Structure formats: structure tokens, C-alpha cells
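Asker: Residues per chain are reported as follows:
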Amino acid sequence: MTHTIQLLGEQTIYQARQTHTQLWQALHEHNEPLQLELAGVTEVDSSLVQILLWLVPEAKRLGRPLTMGEPSAVLAEVLAVLGLSAILQSEGAGHE
Amino acid sequence: MSEYDSALPAFLDEAHELLAAMESILMDVQGQQPDSEQLNAMFRAMHTIKGSSGLFGLDAIVRFTHEAENVLDALRAGELSFDDELNTLLLRCHDHVKAMLQELDHPDVLASMAAPPLIDELKAYFRQQTSGDISPLAASATEAPAAAEQSWLISLRFGREVLADGMDPLSFVRYLAESGELGGLQTISTQLPGGDAFDPEQCYLRFELVYHSAMPLAKLNDVFEFVRESSQIHIFPLATAGRYLATVTQGQDEAEQQAVAAAWQQLGVVIEAEAEVVTEAAAVEAVAPLASNLQFAQAAKQASGAVARKTEHKETKTTETRFIKVEASKLDNLINLIGELVIAGAAANLIARRSGQSAQIESTATIATLIEQIRAGTLSMRMVQIGEIFSRFPRVVRDVSKELGKSIELHISGAETELDKSMVEKLGDPLMHIVRNAIDHGIESVETRLAAGKSATGNVWLNAYHESGSIVIEVADDGGGLRKDKIVAKAVANGLISADAMLSDNEIYKLIFEPGFSTAEQISNISGRGVGMDVVKRGLEALRGTIDIDSAVGEGTNFRIRLPLTLAIIDGFLVQIGKSTFVIPLEVVVECIEVPDDLKSDGTHSHLNLRGEVLPVLNLSEFLELGEPPGKRQNVVVVNYGESKAGLLVDNLLGEFQTVIKPLGQLFSHLRAISGSTILGSGEVALILDVPALIEFAKQKEVADFAGQTEQGRAQLH
Amino acid sequence: MSKLIMIVDDSASLRTVVGIALKGAGYDVLEACDGKDALSKLTGQKVNLIVSDVNMPNMDGIAFVTQVKQMPAYKFTPVIMLTTEADESKKAAGKAAGAKAWVVKPFQPPILLDAISKLVLP
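Residue numbers (this note's numbering), protein chains in the order written: chain V, 1 to 96; chain F, 1001 to 1718; chain H, 2001 to 2122.
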């Protein structure tokens, strides 16, 4: 079993607190591998980028396998601009 | 500026409104200190006009209003005190801006008006009062010439708060990408804490990027102006960037320093050995954000106090009227449509009543009530306060009395009285003539007044009020009064009347409205050119208005103008004469009585004894030559207009009816007893009786009867 | 989806001109004539950026921004203040209240457009 979280719609500073809390709980309150779906994200700013930058090492630190699904076009573009496309496949993500 | 031309009328409207507000404040304060609200309003007038002019590229207006705004700002801040001299200067600023607005179509003229001598006077005044200088307007940011494309290294270490401030670091990168090419970007997140220390609303990012663009350095610097205070921004030419690594990582931890160095290498920056040597210029730049942060914190402290006080003050004043500007023609269309609706509603009502079905009658009655409310509401939209015109007069009185060396006080009352907007526009000129006339001819010179035992200061009163469906505007003065003997002598000399003419007081007074009449012994340039008062008469007649004059020698004169409230729709009273239906405006109807037995039926004209008051009665059937036999039971409709009453003899009374006035057209314009027509619910046309003209006729007949000249009045009417 | 920009200014002609410019650039526009009016129009819809004058009747720009920054739905919305260069203290007060960006009046439309596009591209 994996625990799946889907991020949808706008993911900007307005949702950052809530998204962060959701992911924090997923890391701390479940034991299954974490699957993060990013295909439904329609609006992004730096705050989501930061959350991803936090999530990857945090999952690794807690020993929780993390996989991230295909990003939406919007998110993919942002990550590409920032030179961070690799983070979706970083070591912490644990390829399966 | 063409794409914004459609906003120009709104700009002009707004500017004139602001100017009017400013003028009225300047007139109001006369010798007193304006309160902070008034100062704010005047400041805002110049400030807003400056701002909007800037949008349209009207630089001349911007330059001029900037100076006035500065003076008002200093006044607001208490650096200047308000006195008569400043009052006059500001009034002249108002005039100048107004004059500039007239010249929008003539850019050359406008440009020449940007710096009139008035500006030097303002500056001189400012200097004398504050021993300072008006802060000059910064040269408008001219587009820097496009530079050749250059390569830059940009180091952006964002402040923690930028995200919460609504500024997304990404947006600046996107902006850069719009006008240049990103040659690589490295994101550094060593500041981003792991675990629970991470706050998703704080910003921990740092971008190091290479940028190729023709954007001049100044503009490039400006890209980050909104985050400069909270962030550390560095921009170097790519070729020499390598020597500044120490500068951009100064004070940061080992991990970050290494990450930046790695990023620069990734970006192809050759880090130079002498990197440790921080050049002086760079050091200054690095320190500057710190200093400005300090200043900022202080300013913020002061400001938050100011904000608290401000909100307190504002809360006391919450009930302000808000306005929507609507194009007048849209409102006119709406009123026309409602006119049609009124007619259609009346028709439905008639049919319902004929059908005798109570449900139908009831529902049409409900609709009729609603239509009535819509009608009243729509008409009220056209109603504006007469204060709009009155507010010009303090200025006029001030200017004119100064010019004539007279001391005059103006008293305004009833400024909130409402009348139709279209009338307001046409009323301005006639009223102006009367007021000027009162100041020039009415009020005597100071010596004459003192000799007559009057106060040196003359008084002029402007008053407005509603009276039986009309608006009455009075212009009174406590001057010398009209000299009947002089008027008659002048009129005889000018051939207006014959030397032996017998005229009532009112008729004599009205001679001053004849073309070419002027009694002033000295011709001044204010009035007394013999033109003007006849303009008044014509102007008022066009508005279906009348004017009465009361005067007493040595005590003063009172001009009383009476105008209908609106020109579009009236409440009518339907009467039947023979087979024809006529409308009498309801507002003039006093009462209706059955024809008493003692009414002598001697043709067109007779008398009625109404509770001891003798009224002339006009037989409309005879007068209008309808050629129909009188009905069995006749009625008299008692009407009044101004101070006159008369009875109108009709056959049947049909009741109230809302009437949309349709003009009669050129062909019938000479008919003075008929003021218009309307369409009844049945589709029939009914004529609207011009009651003032009828009353006039009835009175004349009365006089003529007396003199045994029966036909004269009628000849005048037809 | 176009970005929605709110313009708050007591000058109708300024709002009209800015409105034309913004729409021409591809933004959607929401107008308000003062702080009070603007607050009444912030009813939960997404507003990407607010441009607000400082000097306004009823509720001035500083008081308005202070309130906006307390509304959960708008506290992160960037605000551009329209200031005058003479008014450094107002600019500082605006920044303290949460309006970190500014454009100096008088300006021509492209200047404001440029400032907006630094924060929100259409």
C-alpha cells in the first residue's frame, strides 16, 4: 500500500501552509510509502518549489520512501526554469 | 495618447468637479484657517488632476499642478499658514488650471501655459514663508536609449518576507525572461531548514543567474526595486563578475558560500584569485541595504502610529454619498422610454377598467403604482441641487465687488433645492446677469450707503425653494431699489413706451428686460452695457419660467424667478371641453367647483366669487373657439400661478393623469395658451394648457373689460 | 485564465485609463473608488494584484492595505501603492502596512504596466 496525496489547482503562498501541513502529517502519521501526484497543479509560485525542496530531504531523513508523479506542464516549466527538474527524481524519491 | 482618448471626457468632468470643490473651499474660508478636511480636499484636487494629466501625457498641466500641489502639501503639513494672499494665489491657480483644461486641443498653447508668472509668485511666497524651496518635479523617466546587448551575472538572495509580501521570486525571473535571455539559473536553498523549522510562508531561496539583454543597467536595477530593501541584490557584468564572489557571500555561512561558488562555476563564471578584495563601490552597495533597513524600521514605527490616528479619524465620517457618472443621453433615453411606459400603462389601466374584471384592475393598479415609482425615481436622477450654480457666485461677488470697490456680502440659502439637470445648465447665465446687475446697479457705493444711514457693506441674497410644483429662485439686494421715474424716462427716451402710457409697477420694472435698456448712469464693464437683462428674459422664457420684481426705493430689489421643476413629465389633470380633452398641470390646480348659479355667462369671460375672493373666470370653450355648446353641468377649475389665481370653465373633470410632454413642433410654437401635447391611454392626443399664459390673459381681460376694450387681450394671445 | 488586477483610486479618469491599459495588456480589471469600496468588492474571488492610491476620501490607501493584509483571502496579494515623490513618509507608511511596491504619480500607463508585470505577468 502507498499513501497517495494529490496536489490540485492553485499551489501558491495561499495554499502553502495547508499543503505543508498535509505533507508533514503524511510523513509523520503514516507508515506506507508516500506517493505525491502533481499532475493536477494549475498554478505555482516559489512556495511550492520550496515545499518540494523541503519534502525530499525530510522524507529521506524520516526513512519514508517518496515517489512523485508526472508534474503538470505549469510545474514542469517552473522547475525547468529554476534548474530543479532533477528534484522529482532525486535520491530521496527512491525509484521503484 | 489616442487609445485613452475615450477617457478624456471623464477626465475633464472630474477635473472640473475637483476645481469647483477647491474654489468653493477657498471662497468659504475667507479669512479663516481651512480645516484639515478642506486642506485635504484642495490638495486632492491638484493631486488628482496632476495624476490624471500625467496619464494622458499632458505634461504642462502636470508641471503646473505640481507646484500648486506642493504648496497645498506644505499647508497641509503645517509648514505654511493660510492667509489672504495665499487664498488669492490659490484661486488664481484654480483659474489657471481651468484655463489649461480649455486648451487640450491646442498643445502649443497648453505648453506655453506650463510655467506662468504665477508659478514664480507661488515660489516667492513659499520661500518668504518657509525660507525653503518648492521641491522640483523629477524629470519624467525618459526611456533610456536601448543599449547593446550585454551579459550580466545577477545574484538574488531574497529576504525572508518577500513571499508573504506577495512578491514571488519567480515573477522577477519571468519578467527578466520577457525582455532578455536567461543564460542559466542556479537555485540555492542552503538556507532552507530541514524538519520542523521550515516555515512554508517564508522565503529561503537564492538565485544566481546569467542574463543576456539590451536592458540598460539602471532599468535592470529597477527590476528588483520592490525587493531591494529586504533582499540582497547584486548585478555585475558577466565578464568581471568572478572577482565579486566574496562580496555576494559576505556574512553568509560556509554551506551557502560553497553553494554560490559551485553555482557560479556551473554558470561559467571564472572565480578570480583576488576575490577577497572587496572593491569600495561594491562594499558600499553591500552595506546600503542594511542602512536603508534601519531607516525603514524607524519610518515604519512612526507611520504605524499615524495610521492608527488616521483610521480613528476616518471612522467618524462614514456616511458619504457615492456617485455613479452616467452619460446624460442614456438618462434621457430612459426617461423617454418611461414616458412611453406611462402612456402604455395608462392604456392598460383604461382597458382593465372597461373590462370590469377586478383581478385585472387590481394588477394594472399595482403596475401603475410601480410605474409611478420608477418615474419618480428616474426623474429624481436628473435632479441636481441648485447649489451647483449657486457655488459659482461667491467668487463672482468677490471679484466683481473688488473691481467696483464695493463691499458686498453674499448670503446663500436653499442651495440643496433640487431641479432638473438640463435646467441647471441653462439657468447659469440668466442668474449670473441678475446677480451682476444687483451688485453693479443695485448696491450703492459705500459713500452713498453711509449717507443713507445704511451699513457700508451691501448684502445680496440668493435663495431657492420649492413652491407648488415650481422652483423659485430669489436674488435680492439691499441696495437703492429700482427708480420707477428713471426707468420710465429711459423707456420713453428709447421709444419703448409712449410718454402717456399707464403702467403698473411690475410692468415698469419689467421694462429693464427690454433689449437696449440700461439705467446705470456710469457704464462699468460689469454690466450696464444695455445687453444682459434681455438675455435673462429670453433665457428664462426658454425654460418656461417667469420673473417678478419687487422693489422699494432706498431699500432694495428682489428678483423672483419661477421655473417648472422638470421639462419631461408632469402630473396632469384631465378635463373635457366638448369632445376635446385637455391637460392642466396638476401642480397649478387649487380646487374644482361646480359652476355656481350666479356665474354670469357672458362669453369668454366672467367673474366668480370664491369665498369672498373675486376670481376672473375664463370660458375655455369660447376662448379656444371650439364652437361646441356648453355641457349641462359645467365645472370651474381654480388654478394659481405665482400670486395669481383664476378659474377655468370646463365641461367635465376626468381626473389625474400622468402626462409625458411632447413638444408641439415649430408650426404651433406661436400658440401661447398651449404648452405641449400628450397622448392619452386611448391613443388620443390631448393638448396641455399653458396656465401662466391663460392667467395672464384672464387678468388682461379683466383690465381690458374694465376699460371696455374687450378684444385687445385676445388679439395678443393669438 | 487572465490575471485579475484591482485598481483603487478616487479618480475615475485614472481608473478608466489604467483599465484600458491593463485590459490591452491582457489583464482583467476590477475597479474601486476608495478603500471602503474596494473592501466591499473583495468578496473572496482571486485577485492577483492590487494597485491603490494613497490619498483617497472615505478610507485612504494606507488604512485599506492594513485591512487587506488582515484578510486571509488577500493577505498575500501584492499591492502597488501610487505615491507622489513628495510623500516619502506615505510611501514608508504604505510599506509598513504591507504595500511593498509603488509607482510614483504622475505616471504614464506603460510605467504602471511595467511595475505590475514585475510581480504578475498577464
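Keep in mind that the hints were calculated from the coordinates and are not lab data. Remember, it's a predicted structure, so these values are computed and weren't measured experimentally. Worth double-checking, as some hints may not be accurate.
Using 27 Å as the maximum straight-line C-alpha spacing, the simulated DSSO-like pairs for lysine-lysine come out as follows [claimed, not checked]:
no.: 1; chain 1: H; residue 1: K2003; chain 2: H; residue 2: K2046
no.: 2; chain 1: F; residue 1: K1123; chain 2: H; residue 2: K2090
no.: 3; chain 1: F; residue 1: K1325; chain 2: H; residue 2: K2069
no.: 4; chain 1: H; residue 1: K2069; chain 2: H; residue 2: K2003
no.: 5; chain 1: H; residue 1: K2003; chain 2: F; residue 2: K1219
no.: 6; chain 1: F; residue 1: K1454; chain 2: F; residue 2: K1402
no.: 7; chain 1: H; residue 1: K2023; chain 2: F; residue 2: K1219
Asker: The structure should be examined with respect to each hint, and the outcome stated for every one.
Answerer: Quick rundown of the hints versus the structure:
1. In summary, the hint linking H/K2003 to H/K2046 is supported, as the alpha carbons are separated by about 9 Å, within the 27 Å threshold.
2. Using a Cα cut-off of 27 Å, the hinted pair F/K1123 and H/K2090 holds, with the two alpha carbons roughly 24 Å apart.
3. For a cut-off of 27 Å, the pair hint linking F/K1325 to H/K2069 is broken: about 31 Å separates their Cα positions.
4. The straight-line distance between the Cα atoms of H/K2069 and H/K2003 is roughly 20 Å, inside the 27 Å bound, and the hint therefore holds.
5. Taking the CA atoms of H/K2003 and F/K1219, the gap is near 25 Å; set against the 27 Å cutoff, the hint holds.
6. Under the criterion of a C-alpha separation no larger than 27 Å, the hint pairing F/K1454 with F/K1402 is consistent with the structure, at around 19 Å.
7. Distance check on the hinted pair: H/K2023 and F/K1219 sit about 24 Å apart at the alpha-carbon level, within 27 Å; holds.
Violated hint: 3 only; the structure is consistent with all others.
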